[in-house]
Each structure stands twice: as C-alpha cells, then as structure tokens.
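These protein sequence lines are chains E and H, in that order. Residue numbers for the first sequence follow our numbering, so the first one is 1 and each next one is one higher. Residue numbers for the second sequence follow our numbering, so the first one is 1 and each next one is one higher.
Any given hint could turn out to be false.
[As the list claims (entries may be wrong)] Only part of the chain E face toward chain H is listed, based on derived beta-carbon distances under 10 angstroms: (1) 35; (2) 91; (3) 102; (4) 103.
Since the hints were derived computationally from the structure, they do not count as laboratory data. Ideal placement from N, C-alpha and C gives every residue a C-beta, glycine not left out.
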Amino acid sequence: DTGVSQNPRHKITKRGQNVTFRCDPISEHNRLYWYRQTLGQGPEFLTYFQNEAQLEKSRLLSDRFSAERPKGSFSTLEIQRTEQGDSAMYLCASTKTSGSWELFFGEGSRLTVL
Amino acid sequence: GEDVEQSLFLSVREGDSSVINCTYTDSSSTYLYWYKQEPGAGLQLLTYIFSNMDMKQDQRLTVLLNKKDKHLSLRIADTQTGDSAIYFCAEKGSNYQLIWGAGTKLIIKP
Numbered sequence: 001d002t003g004v005s006q007n008p009r010h011k012i013t014k015r016g017q018n019v020t021f022r023c024d025p026i027s028e029h030n031r032l033y034w035y036r037q038t039l040g041q042g043p044e045f046l047t048y049f050q051n052e053a054q055l056e057k058s059r060l061l062s063d064r065f066s067a068e069r070p071k072g073s074f075s076t077l078e079i080q081r082t083e084q085g086d087s088a089m090y091l092c093a094s095t096k097t098s099g100s101w102e103l104f105f106g107e108g109s110r111l112t113v114l
Numbered sequence: 001g002e003d004v005e006q007s008l009f010l011s012v013r014e015g016d017s018s019v020i021n022c023t024y025t026d027s028s029s030t031y032l033y034w035y036k037q038e039p040g041a042g043l044q045l046l047t048y049i050f051s052n053m054d055m056k057q058d059q060r061l062t063v064l065l066n067k068k069d070k071h072l073s074l075r076i077a078d079t080q081t082g083d084s085a086i087y088f089c090a091e092k093g094s095n096y097q098l099i100w101g102a103g104t105k106l107i108i109k110p
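Here chain E stands alone, though its shape is the one from the complex:
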C-alpha cells in the first residue's frame, strides 16, 4: 500500500535549530498540502502545491517556514530557528483535483522544541 509517507515521525530539537520534514504523497496525486495540528484543535492550513507550484501559503505562516516540491513529487517543509511555539504535529496530505477530492493524510511528524 503506497499511502502518504512522512518522516521523521518524531523530532526533538533545541530552540534555534533548523528542522526539515519530508512528505512522499500518493504517486498519482497532483496536489499536496501541509497542515499543522496542536492538541485539541483541527488541522491548520500551512501551504499547498499543485504539482511543483506552491499556490498558496497561509498568512499566519512566519518567514521561518518554507516548503518545496521540486519535481512535483515529494515535498519538504523546513522550519528555521525553531521556537517552542512551533511544537506541533505537522501533517501532509495529498489528493487528485478531480472527483470527490478526498484528502489522504500521512501519519504526521511530531515536533518538540525544547
């Protein structure tokens, strides 16, 4: 089963360090999303890609966050100079932009900033 894959699953880092998360979407999906989720909340939209183009980025997203999807396949999300408030689960999802437009999620990457 080639679902959405994310790694690492867990990352513990010290404040001020940079971290990078990777997402491998379902192969035929052209759209890829990044969300952030904190305890007791629904997913918060960060950004999304249509193929390799980053089409939208949340206005809440600081300049310390950057995402890429260089060949329209896997994507990376980098957080520079991490802060304690960045501690959260980072979720990746992919979909085809046709039909019922179902989002398929990965298991998430949990970030803890000490």
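Based on the hints, put chain H in the right spot on chain E.
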C-alpha cells in the same frame, strides 16, 4: 466567514449508536467529509457526501445532510471500543481549501 462547528465530546455506551453533529456556514460547499483521528496518528477519511445527497450509508456509518440548516451528522451503529477517536467534520470551501471543525472526541463506556 466560513466556519465549521462541532461539540467537543460525546460519550456513549458500547453497542449503542453514536451521533456526531456538525454545522457549517458555506452554502456553496460541494463536498462534506468525516475524518477519524486516533491518538498520535494522522487523519483517516471515513466517508464523504456530495451536496446534492441527503443521506449516505456505508456499513455501520450513516451520514445525513440537511442543506437548509447546514447541518451534517455522522451516525455510527453498534459503537465499539475501536471507534474511540476524535472525529472531524470538514467542508470543501469555495477556494478549494478544507474548512475543519475542532473535532468531537468520542468516548466509549463499557
């Protein structure tokens, strides 16, 4: 603006039916979704309904849609301990984004 609201908790006895409710605001939504999230895991799509439908049934799951009241519900028949999770309602908004509720935690009593 667009908003999705859900109750935060629902407690039911094992074997009973669970009904999780959701209200949304975007009348132009074409699809509405129910996702399940178990502790420490990602979100799993349970079912969805197209806006021109009133009801959709899939094994133990029944989705009811009342477009007039912008109300969506998920009924789980014969609730089991494995159904313990947080259930999120989401609507496909006008800008191709999903608008999410805060989730309803389903608690199963023995």
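* Hint status (Cβ of residue 102(E) to nearest Cβ of chain H, threshold 10 angstroms) -> 5 angstroms, holds
* Asked: Against chain H, is residue 103(E) within 10 angstroms by beta-carbon distance?
  -> Holds: closest Cβ of chain H sits about 6 angstroms from residue 103(E), inside 10 angstroms.
* Asked: Given residue 35(E) as an interface hint, is the shortest Cβ-Cβ distance to chain H below 10 angstroms?
  -> 9 angstroms, holds
* Taking 10 angstroms as the limit, does the beta-carbon of residue 91(E) come near enough to a beta-carbon in chain H? -> 6 angstroms, holds
Of the hints listed earlier, there is not a single one the structure fails to meet.
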